[in-house]
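Protein chains in written order, with the working numbering: chain L, 149 to 850; chain G, 56 to 205.
Treat the hints with care, as some may be off.
[Said to hold, decoys possible] Restricting the straight-line Cα-Cα distance to at most 30 Å, the calculated cross-link-like pairs of lysine-lysine (DSSO-like) are:
1. L:LYS333 to L:LYS317
2. L:LYS333 to L:LYS411
3. G:LYS192 to L:LYS285
4. L:LYS227 to L:LYS333
5. L:LYS597 to L:LYS508
6. L:LYS554 to G:LYS192
Calculated directly from the structure, the hints in this document are not laboratory data. Only a predicted model underlies this, so the values are computations on that prediction, with no experimental measurement involved.
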Amino acid sequence: MFSVKRVLGGKYADIVLAIALFLVFDLGVLMINFYTSYQISSEAVAINLAGRQRMLSQRMTKDLLEMQTAAPGGTIYDKARRELVATTAMFDTTLEAFYRGGAVTDTNGRPAVLTREADPEARHLLETARGIWLPLKRAIGDASRDNPAAGALNTAAGLLIAHNLELLKLMNGLTTRLAALAQDKASHLRAIQTGGIVLALLNFAFILFHFIRKLRRSDAEAETARRETTEILDTVNEGFFLLDRDMRIGSQYSRALSEIIRKPLSGEEDFIHLFEDIADAETLGVAREYLGLLFEDRIRERLTTDLNPLERVEVHFPREDGAFETRYLSLAFTRVYVDGAISHVLGSLSDITEQVRLEKEVELANKRSQEEVELLVGLLKGDAAQTAEFMQKTEQGLLSVNALLKGSQDTAGHAQTVENIFPVIHAIKGDAFAIGIDAFGNMAHEVEKALMPLRGARNIAGTQFLPVTVLLNEMLARIRLVRGLLDRVTDIQRSIGQPATATAERWTRELTGFAARVADDLGRQVALEVALPALDDLPAPALQKLRDMCIQLVRNAVAHGIEPPEERIASGKPATGKVRLKLDRYPTGELHLSCRDDGRGISPARIRASLLRSGRYSAEQLDELSDKQIVMKIFESGFSTNDAPDAHSGHGAGMDVIKQLAMALGGRLGLGTRPGRFAEFRVQMELETAPAAVEPAVRAAS
Amino acid sequence: MNAAEMQVFVDATTHYFTQSTGLEAEVHAPYLSDTEVPDIFDYTGVISVVGEFRGCIYFSAPRAMMRHLLIEMGEQNHSDDYLLDMIGEIANTLSGNARRYFGPEFIISVPVSLKGELTDIRPPSDLRPYVIPVRWKSYRSVLVICVERG
Numbered sequence: 149m150f151s152v153k154r155v156l157g158g159k160y161a162d163i164v165l166a167i168a169l170f171l172v173f174d175l176g177v178l179m180i181n182f183y184t185s186y187q188i189s190s191e192a193v194a195i196n197l198a199g200r201q202r203m204l205s206q207r208m209t210k211d212l213l214e215m216q217t218a219a220p221g222g223t224i225y226d227k228a229r230r231e232l233v234a235t236t237a238m239f240d241t242t243l244e245a246f247y248r249g250g251a252v253t254d255t256n257g258r259p260a261v262l263t264r265e266a267d268p269e270a271r272h273l274l275e276t277a278r279g280i281w282l283p284l285k286r287a288i289g290d291a292s293r294d295n296p297a298a299g300a301l302n303t304a305a306g307l308l309i310a311h312n313l314e315l316l317k318l319m320n321g322l323t324t325r326l327a328a329l330a331q332d333k334a335s336h337l338r339a340i341q342t343g344g345i346v347l348a349l350l351n352f353a354f355i356l357f358h359f360i361r362k363l364r365r366s367d368a369e370a371e372t373a374r375r376e377t378t379e380i381l382d383t384v385n386e387g388f389f390l391l392d393r394d395m396r397i398g399s400q401y402s403r404a405l406s407e408i409i410r411k412p413l414s415g416e417e418d419f420i421h422l423f424e425d426i427a428d429a430e431t432l433g434v435a436r437e438y439l440g441l442l443f444e445d446r447i448r449e450r451l452t453t454d455l456n457p458l459e460r461v462e463v464h465f466p467r468e469d470g471a472f473e474t475r476y477l478s479l480a481f482t483r484v485y486v487d488g489a490i491s492h493v494l495g496s497l498s499d500i501t502e503q504v505r506l507e508k509e510v511e512l513a514n515k516r517s518q519e520e521v522e523l524l525v526g527l528l529k530g531d532a533a534q535t536a537e538f539m540q541k542t543e544q545g546l547l548s549v550n551a552l553l554k555g556s557q558d559t560a561g562h563a564q565t566v567e568n569i570f571p572v573i574h575a576i577k578g579d580a581f582a583i584g585i586d587a588f589g590n591m592a593h594e595v596e597k598a599l600m601p602l603r604g605a606r607n608i609a610g611t612q613f614l615p616v617t618v619l620l621n622e623m624l625a626r627i628r629l630v631r632g633l634l635d636r637v638t639d640i641q642r643s644i645g646q647p648a649t650a651t652a653e654r655w656t657r658e659l660t661g662f663a664a665r666v667a668d669d670l671g672r673q674v675a676l677e678v679a680l681p682a683l684d685d686l687p688a689p690a691l692q693k694l695r696d697m698c699i700q701l702v703r704n705a706v707a708h709g710i711e712p713p714e715e716r717i718a719s720g721k722p723a724t725g726k727v728r729l730k731l732d733r734y735p736t737g738e739l740h741l742s743c744r745d746d747g748r749g750i751s752p753a754r755i756r757a758s759l760l761r762s763g764r765y766s767a768e769q770l771d772e773l774s775d776k777q778i779v780m781k782i783f784e785s786g787f788s789t790n791d792a793p794d795a796h797s798g799h800g801a802g803m804d805v806i807k808q809l810a811m812a813l814g815g816r817l818g819l820g821t822r823p824g825r826f827a828e829f830r831v832q833m834e835l836e837t838a839p840a841a842v843e844p845a846v847r848a849a850s
Numbered sequence: 056m057n058a059a060e061m062q063v064f065v066d067a068t069t070h071y072f073t074q075s076t077g078l079e080a081e082v083h084a085p086y087l088s089d090t091e092v093p094d095i096f097d098y099t100g101v102i103s104v105v106g107e108f109r110g111c112i113y114f115s116a117p118r119a120m121m122r123h124l125l126i127e128m129g130e131q132n133h134s135d136d137y138l139l140d141m142i143g144e145i146a147n148t149l150s151g152n153a154r155r156y157f158g159p160e161f162i163i164s165v166p167v168s169l170k171g172e173l174t175d176i177r178p179p180s181d182l183r184p185y186v187i188p189v190r191w192k193s194y195r196s197v198l199v200i201c202v203e204r205g
């Protein structure tokens, strides 16, 4: 619906109206001016004609007097008579025209029209003049005939002389009156003109005042709006911007846009170009295609929203150190319509890195949880302790494999490395399948498959071990996961209140079984005596480490300490070796773990020989070391007295592991031995207050 | 990253030695590092990757080896700048081969040359870096791959 205001130009209606009024005032004044000018022109003619009447009355008197004095029929007489006739006719016509209105000849001889004089005063003068003139006109008419009657001339002359002054006075009065009326009209006109101009000026002043005020207000409002917009654009965390059909950014955009993409903007820039050095080519192509769709009228806006492929864009900001900083950005677009047509697209850009990070963490946590639950179920189904033992043993085996790889220096070394790795992996595979942890069995099998082509091969390249190393990494990662779970299982068991005696019993059972298996594998006979009365109130991670340490100590005692039965019998010992594992809490609060076997003891001579064989030390260097110092070398990583590694010994990792575990528990290692008689490892710990990772003091005693 | 993918970087490294000096480099058995930033020598060329894989790959060599390389290449200038340029060139070779093999989805940083300790380079978490010893003449250098699937 059109309103008056709309017709007049909407918000500019009042200025249009004011200008129209200004024009009306000006035109009004102009028209009045035209009309009055015409009137004044007519008045001027009338005034001149009234003035001429005065002159005509005098001329008629002169002509009559000349005719009186001249001889009838003479030249002077005739001239005066003709002039008298003409003058009389002119006077009469003009007087009648003043009185009734009509055509006349003006003072310049041009035709003119006089309107009937309406002014009462002028009318009175005219009526008086006509009263005098009409008898006079008849007398003059009689006198001016070709053969006038005797005395006619004198009669006319006498009448004219008698009324000449009065007639002159009347015509003079008419002239004066007409002049006064003209003056009045001129004054009136001036007043109207002045009024019109004043109105026009007032209107103009109104326009100026009103509209300047309005413009100022509009300017102020526009400035306020601009400032508010700028404040909003400077404050919001999202990057807002407008895109035209050429994918160019408009001049107004939020500060965050520049901050998020980390580059200054000047507006009018190609939007896609902004991302060229931080996003990959595929993302840029998808973005350009999608932005094109946004400007296509035939595609519904809702569909474009659903299709948005830019809701999560990965970008990479290069850093000075050569690395990348990866961020995730989200882009959303809304069409802007003007008169039903898409004019622009409003875009919003936000940095969703934190959100994506959280999502990924949740996703990873879910994935891990799922994997952990599966493992956990497997662990709960089976024997958790047995699994823990397997993991510990497997990790140790894998680390020894890694150490073999690290030490493989040349082609000949590579061939030997294959031969050394193979049994370790094979043992892991066997163990895994034996206790039902098929996942590890399969992974070990994959390693075996990777090693098979290398067995017996000549000229093995170092890179041929790459698949082995990759599998090694995967298995170690898996072990970390399972060990974490085992800790949690221990926690759960503690939280459900299993008494310490139960833990001790379980450990005793597990360790006894373990010692028997190792002894079986190595052809020994062992009786393990376990006394663990002090397992109460130990934190779960400490229990786990303590358990690993017990396993290592027992394994070490059986594999290295206890001699084969025949050797024992030969040296006067019972065929069955004795290993005693004990955990006590001293009155000082310290925990003392000890593992004593009645085996061959630790022989400095044997260690010296082994160190010499390994090439780690020269004979001279070894000669300089005391027996105590030599004994301490068993804690060095990679040291082993067993030249033929098997599943339980010979990798040079056992003592090192014990040392690491003791360190982790903040404990001190002690060692007592008598060659041929016994060896005893002791660890003193203050678990409740133990600081983490303190280098243990190693003390040797004989 | 699987073995075949890692082989791309190993080949790029050995190829560099063969091309530059005519002498082949010997690659020893790869192993897993037990430290966060393993085996750093005097000069290190690093490239970072994002996209399908994330992390960094670097080649690190001792000063003596780098100088010997320059001698083999007939270069008299053994200044730090030259040595850094050369280690950067090796990193650039790694980068170029990776681009060719993995395509545009493998986003690789500009190679960076570093001298001394690496302070800012950290492998992705939960990952043991692969160390691949590369022996050229009597010198030992390492190619280290600390990359995880993104």
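Now the hints, each set against the structure:
1. L:LYS333 to L:LYS317: holds (24 Å)
2. L:LYS333 to L:LYS411: violated (80 Å)
3. G:LYS192 to L:LYS285: It is violated: about 156 Å lies between the C-alpha atoms, which goes past 30 Å.
4. L:LYS227 to L:LYS333: Given that 30 Å is the threshold and the Cα spacing comes to 42 Å, the pair is violated.
5. L:LYS597 to L:LYS508: violated (35 Å)
6. L:LYS554 to G:LYS192: holds (19 Å)
Comparing the model with each earlier hint shows violations of hints 2, 3, 4, 5; every other hint is respected.
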